[in-house]
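*Asks:* Here the structure of chain A is known, so what remains is to put chain B in place on it, guided by the hints.
Protein sequence lines correspond, in order, to chains A and B.
For what it's worth, the numbering used here labels the leading residue of the first sequence as 8, then goes sequentially.
For what it's worth, the numbering used here labels the leading residue of the second sequence as 8, then goes sequentially.
For the record, the hints were derived by calculation from the structure and aren't laboratory data.
Be aware that one or more of the hints could be misleading.
As the list makes no split between identical chains, a pair holds if one copy fits it or if it spans any two.
With a straight-line cut-off of 30 Å between C-alpha atoms, the simulated DSBU-like cross-links for lysine-lysine are [as the list claims (entries may be wrong)]:
| no. | residue 1 | residue 2 |
| --- | --- | --- |
| 1 | 26 | 184 |
| 2 | 67 | 26 |
| 3 | 67 | 200 |
| 4 | 67 | 184 |
| 5 | 237 | 67 |
| 6 | 200 | 26 |
| 7 | 26 | 45 |
| 8 | 237 | 45 |
2 protein chains.
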Amino acid sequence: MTRISTLGEEGLIRRIARKIRTGSTVIRGIGDDCAVLKGPPGKHLLFASDMLVEGVHFRKSADPAAVGWKALAVNVSDIAAMGGIPRHAVISLGLPRNIPIRFVDGLYRGLTRCARRFRVNLVGGDTDRADQIVVDVAILGEVEQGRQVLRSGARVGDSLLVTGQLGGSVRSGRHLKFTPRFEEARAIASRVKLHAMIDLSDGLGPDLTRLCRASGAAARIDAHEIPRRKGCSLSQALTEGEDFELLMAVGRPEADRLLAWSRRNLRCGLRRIGRIVRRGQGPVVQVVDPEGRPIPVSLTGFKHF
Amino acid sequence: MTRISTLGEEGLIRRIARKIRTGSTVIRGIGDDCAVLKGPPGKHLLFASDMLVEGVHFRKSADPAAVGWKALAVNVSDIAAMGGIPRHAVISLGLPRNIPIRFVDGLYRGLTRCARRFRVNLVGGDTDRADQIVVDVAILGEVEQGRQVLRSGARVGDSLLVTGQLGGSVRSGRHLKFTPRFEEARAIASRVKLHAMIDLSDGLGPDLTRLCRASGAAARIDAHEIPRRKGCSLSQALTEGEDFELLMAVGRPEADRLLAWSRRNLRCGLRRIGRIVRRGQGPVVQVVDPEGRPIPVSLTGFKHF
Numbered sequence: 008m009t010r011i012s013t014l015g016e017e018g019l020i021r022r023i024a025r026k027i028r029t030g031s032t033v034i035r036g037i038g039d040d041c042a043v044l045k046g047p048p049g050k051h052l053l054f055a056s057d058m059l060v061e062g063v064h065f066r067k068s069a070d071p072a073a074v075g076w077k078a079l080a081v082n083v084s085d086i087a088a089m090g091g092i093p094r095h096a097v098i099s100l101g102l103p104r105n106i107p108i109r110f111v112d113g114l115y116r117g118l119t120r121c122a123r124r125f126r127v128n129l130v131g132g133d134t135d136r137a138d139q140i141v142v143d144v145a146i147l148g149e150v151e152q153g154r155q156v157l158r159s160g161a162r163v164g165d166s167l168l169v170t171g172q173l174g175g176s177v178r179s180g181r182h183l184k185f186t187p188r189f190e191e192a193r194a195i196a197s198r199v200k201l202h203a204m205i206d207l208s209d210g211l212g213p214d215l216t217r218l219c220r221a222s223g224a225a226a227r228i229d230a231h232e233i234p235r236r237k238g239c240s241l242s243q244a245l246t247e248g249e250d251f252e253l254l255m256a257v258g259r260p261e262a263d264r265l266l267a268w269s270r271r272n273l274r275c276g277l278r279r280i281g282r283i284v285r286r287g288q289g290p291v292v293q294v295v296d297p298e299g300r301p302i303p304v305s306l307t308g309f310k311h312f
Numbered sequence: 008m009t010r011i012s013t014l015g016e017e018g019l020i021r022r023i024a025r026k027i028r029t030g031s032t033v034i035r036g037i038g039d040d041c042a043v044l045k046g047p048p049g050k051h052l053l054f055a056s057d058m059l060v061e062g063v064h065f066r067k068s069a070d071p072a073a074v075g076w077k078a079l080a081v082n083v084s085d086i087a088a089m090g091g092i093p094r095h096a097v098i099s100l101g102l103p104r105n106i107p108i109r110f111v112d113g114l115y116r117g118l119t120r121c122a123r124r125f126r127v128n129l130v131g132g133d134t135d136r137a138d139q140i141v142v143d144v145a146i147l148g149e150v151e152q153g154r155q156v157l158r159s160g161a162r163v164g165d166s167l168l169v170t171g172q173l174g175g176s177v178r179s180g181r182h183l184k185f186t187p188r189f190e191e192a193r194a195i196a197s198r199v200k201l202h203a204m205i206d207l208s209d210g211l212g213p214d215l216t217r218l219c220r221a222s223g224a225a226a227r228i229d230a231h232e233i234p235r236r237k238g239c240s241l242s243q244a245l246t247e248g249e250d251f252e253l254l255m256a257v258g259r260p261e262a263d264r265l266l267a268w269s270r271r272n273l274r275c276g277l278r279r280i281g282r283i284v285r286r287g288q289g290p291v292v293q294v295v296d297p298e299g300r301p302i303p304v305s306l307t308g309f310k311h312f
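Chain A on its own, in the form it takes in the complex (with noise of 0.2 Å):
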């Protein structure tokens, strides 16, 4: 009997993908950030939602704040991711009986707080009894017609470019503290064209090569030109993920536009981290000294199952 476990997440969501049929009003539907559907006259609407389940995303003893403001500020970091601007949230919130109100009022507390933060309308969802915490938030959002940006775009030759630092952030406790880089996103894409752009969930690593998959293309990383947070490896930066930086690859030459504009006006910086190979027979991902050599670090983040 095949158990979810020996599947994995990826190829749990490309087996249920496979089987969906979607209609014409859908522009993209499983497999990215959002989904990008059609909208009123020059928009398309963003669709997506991430759920947090405690033990797994949060600790029972964590600041019920911080996990209300964790819910929205990833379903916000994916709209960011697709170059869109975030306007209305439904919660679904899942909770043993015997929580104390103050853990739920501190859990809105921090919902409505992002959400201000956002501008983000918090409109219904939906309360139920369940043995854990979860708090699942669906987010709907617009970007205007043309200007999304997909994971699937990007091409032979494109600089990746990173914003903020890499790693630690579980460790930390900032993954429960973020902010999503939805002002910078919409800085960037209204200077240059993007070709591709992913939020970083699950590590530079993982995300990269999604990213990559999608595009039909392959990277190449310069190990020392990541954004390592104070005291993270090489190997945490790339694959501890929760950083919820963007990550995105863009034509050379909008890439050094867009880095000598970061300089003065980017305060979490912006970094180029390697570029856009054509696919061969070697890995997707290749990181590299800076003499040019492949250095074997694994690429492998957190297993969801």
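*Replies:* For chain B alone, coordinates are given in the frame of chain A:
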């Protein structure tokens, strides 16, 4: 320390809704079957989510295809209750690590079957590890501007109509296989101006109480007019829930027309079960016998906490 078990689901929702402010694109936020949002010209968007939890809404031994069907069908029912058309859905799954892949395949077989039946595009979602099976669906629909039917529009003198038959849904397994009243709701709403509508998920007693509270009114129900499913007592028809029939409030002359039309055109049946009355000192919902004498019967349904 207050726990949510003392507050209950209704109390919890009121507590949450009080603290939330929304922008001008929100026509109706928390507190109805769906949120109503500004959409493309001439349309409003409908947005909702509904979560199923193993051990609460279904047993682990349940047919996974039936669980998948139900997970989407309850959301289609929410859209139907607003008079709208379902369009797109995202699915968040919480799954135990050791779950057989055939359970997930079955779940998606049911989801896609329901999606095809009601022309809903499955466009994304999230998959995470959890101790219990959790299936949360968020749905996006639309309704012609001004044609949305809220819970809050019932007027004194309105007839109360209900589709189908009530009671015994969980015992018979019908709750896993029910057909949401989408076509029926569209046919009815195109014929008359409905004042208010709600789908019966928790039972006629609790859901009619909700409709009355939202409308600032009360209701008087004729016990002998309630369409009970075979073998069900009055109390079971009032409180067992999971019927997913539609309850609507409509002016008396329109109700007469609708009832006449329904005899030839509505296979599920439509019954006038009572009327909306002024809110006084007495109970919000009163059930009476053929002589108009109040029947002492509990209207409290399934407690979520």
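*Asks:* My question is about residue 237 and residue 67: at a cut-off of 30 Å on alpha-carbon distance, are they close within one copy, between copies, both, or neither?
*Replies:* Within one copy only: 28 Å inside, 46 Å across.
*Asks:* Regarding residue 26 and residue 184, is the shortest C-alpha distance of 30 Å or less found within a copy, between copies, in both, or in neither?
*Replies:* between (37 Å within a copy, 22 Å between copies)
*Asks:* Up to 30 Å between alpha-carbons, please classify residue 67 paired with residue 200: within, between, both or neither.
*Replies:* Neither, since 43 Å and 49 Å both go past 30 Å.
*Asks:* At most 30 Å between C-alpha atoms: does residue 200 with residue 26 qualify within a copy, between copies, both, or neither?
*Replies:* neither (33 Å within a copy, 40 Å between copies)
*Asks:* Evaluate residue 26 and residue 45 at a C-alpha cut-off of 30 Å and name the case that applies: within, between, both or neither.
*Replies:* So residue 26 and residue 45 pass the 30 Å test inside one copy only (22 Å; across, 32 Å).
*Asks:* State whether the alpha carbon distance between residue 67 and residue 184 is at most 30 Å within one copy, between copies, both, or neither.
*Replies:* within (16 Å within a copy, 36 Å between copies)
*Asks:* Please work out whether the CA atoms of residue 67 and residue 26 approach to 30 Å or closer within one copy, between two copies, in both situations, or in neither?
*Replies:* between (37 Å within a copy, 24 Å between copies)
*Asks:* At 30 Å max between alpha carbons, let me know whether residue 237 reaches residue 45 within a copy, between copies, both or neither.
*Replies:* This pair counts as neither: shortest intra-copy Cα distance 43 Å, inter-copy 46 Å.
The structure shown violates the earlier hints numbered 3, 6 and 8.
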